[in-house]
Amino acid sequence: EAGVTQSPTHLIKTRGQQVTLRCSPISGHTSVYWYQQALGLGLQFLLWYDEGEERNRGNFPPRFSGRQFPNYSSELNVNALELEDSALYLCASSLDTYNEQFFGPGTRLTVL
Amino acid sequence: GIQVEQSPPDLILQEGANSTLRCNFSDSVNNLQWFHQNPWGQLINLFYIPSGTKQNGRLSATTVATERYSLLYISSSQTTDSGVYFCAVGFVSGGSNYKLTFGKGTLLTVNP
Numbered sequence: 001e002a003g004v005t006q007s008p009t010h011l012i013k014t015r016g017q018q019v020t021l022r023c024s025p026i027s028g029h030t031s032v033y034w035y036q037q038a039l040g041l042g043l044q045f046l047l048w049y050d051e052g053e054e055r056n057r058g059n060f061p062p063r064f065s066g067r068q069f070p071n072y073s074s075e076l077n078v079n080a081l082e083l084e085d086s087a088l089y090l091c092a093s094s095l096d097t098y099n100e101q102f103f104g105p106g107t108r109l110t111v112l
Numbered sequence: 113g114i115q116v117e118q119s120p121p122d123l124i125l126q127e128g129a130n131s132t133l134r135c136n137f138s139d140s141v142n143n144l145q146w147f148h149q150n151p152w153g154q155l156i157n158l159f160y161i162p163s164g165t166k167q168n169g170r171l172s173a174t175t176v177a178t179e180r181y182s183l184l185y186i187s188s189s190q191t192t193d194s195g196v197y198f199c200a201v202g203f204v205s206g207g208s209n210y211k212l213t214f215g216k217g218t219l220l221t222v223n224p
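Same order as they appear, the protein sequences are chains L and R. With this note's numbering, you'll find the first sequence wraps up at 112, consecutive numbering, no jumps. With this note's numbering, you'll find the second sequence wraps up at 224, consecutive numbering, no jumps.
These are computed hints drawn from the structure, not numbers from a lab. No residue lacks a Cβ here, since even glycine has one placed at the ideal position from N, Cα and C. Be a bit skeptical, because a hint or two may be false.
Unchecked claim - Derived CB-CB ranges, DEER-like:
1) L:A80 x R:T192: 25 to 31 Å
2) R:P151 x L:S86: 26 to 32 Å
3) R:Y185 x L:G16: 27 to 33 Å
4) R:Y185 x L:F60: 33 to 39 Å
5) L:R63 x R:K216: 38 to 44 Å
Claimed, not checked - Sample of chain R residues at the chain L side, in silico, Cβ under 7 Å:
6) S140
7) N143
8) G153
9) Q154
10) R180
11) Y181
12) Y185
13) G202
14) N209
15) Y210
16) K211
17) L220
Claimed, not checked - If the Cβ cut is set under 7 Å, some of the chain L residues that face chain R in the computed set are:
18) G40
19) L43
20) N59
21) S86
22) D96
23) F103
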């Protein structure tokens with residue numbers, strides 16, 4: 001069974017640009033979660049999507065947004081990139097809410 | 113929000129030694145997971161353990177939900193066990209706002 005996949009693996013952008021990260025959940029999983037792991041800040045919850053709807057978001061500005069498609073894959077969009085957005089972005093999926101979450105390999109974003 | 117504290121923050125062992133990592137949390141939780149983060153950043157699932165005890169090879173975990181703590185035991189440690197170990201708790205706030213909250217991790221170094 002294929003795990004959670006994410007693309008791209010690495011990304012380099014400059015301040016002010018926009019970026020889109022992609023995530024495909026494990027087959028059969030309907031919930032998708034996004035997390036940010038920035039140096040010195042630990043793993044922070046960003047967004048939770050379930051059945052195509054945004055269910056919860058963490059303490060991040062509105063320039064962080066996303067969506068979930070009918071096939072349950074998801075995109076994370078970050079507008080007006082700032083230097084502090086440099087981080088590892090991790091996507092996870094679960095069979096449903098409260099269930100075990102499985103993580104993808106992450107996308108490492110560098111903002112110059 | 114819920115607080116998750118892991119101890120110790122750093123641990124250095126000789127190969128073959130045993131260790132215990134602790135995770136304390138400040139409120140009742142819906143689930144609890146232990147992860148090992150490899151050098152490339154991927155989070156590897158170790159245990160999904162909202163309560164009780166589980167074992168998987170040299171690793172075992174116990175969660176005492178009523179006393180709000182979980183323990184991860186590593187026996188006969190190997191150099192490949194090195195890395196960061198995270199505890200994460202799933203918690204519902206405000207009726208339906210669910211998310212995983214991570215501790216800051218324990219950095220384990222196993223020397224040959």
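List, from low to high, the hint numbers that the structure doesn't satisfy. Numbers 1, 2, 3, 5, 6, 10, 11, 12, 17, 18, 20, 21, 22 - these are the hints that the structure violates, sorted from lowest upward.
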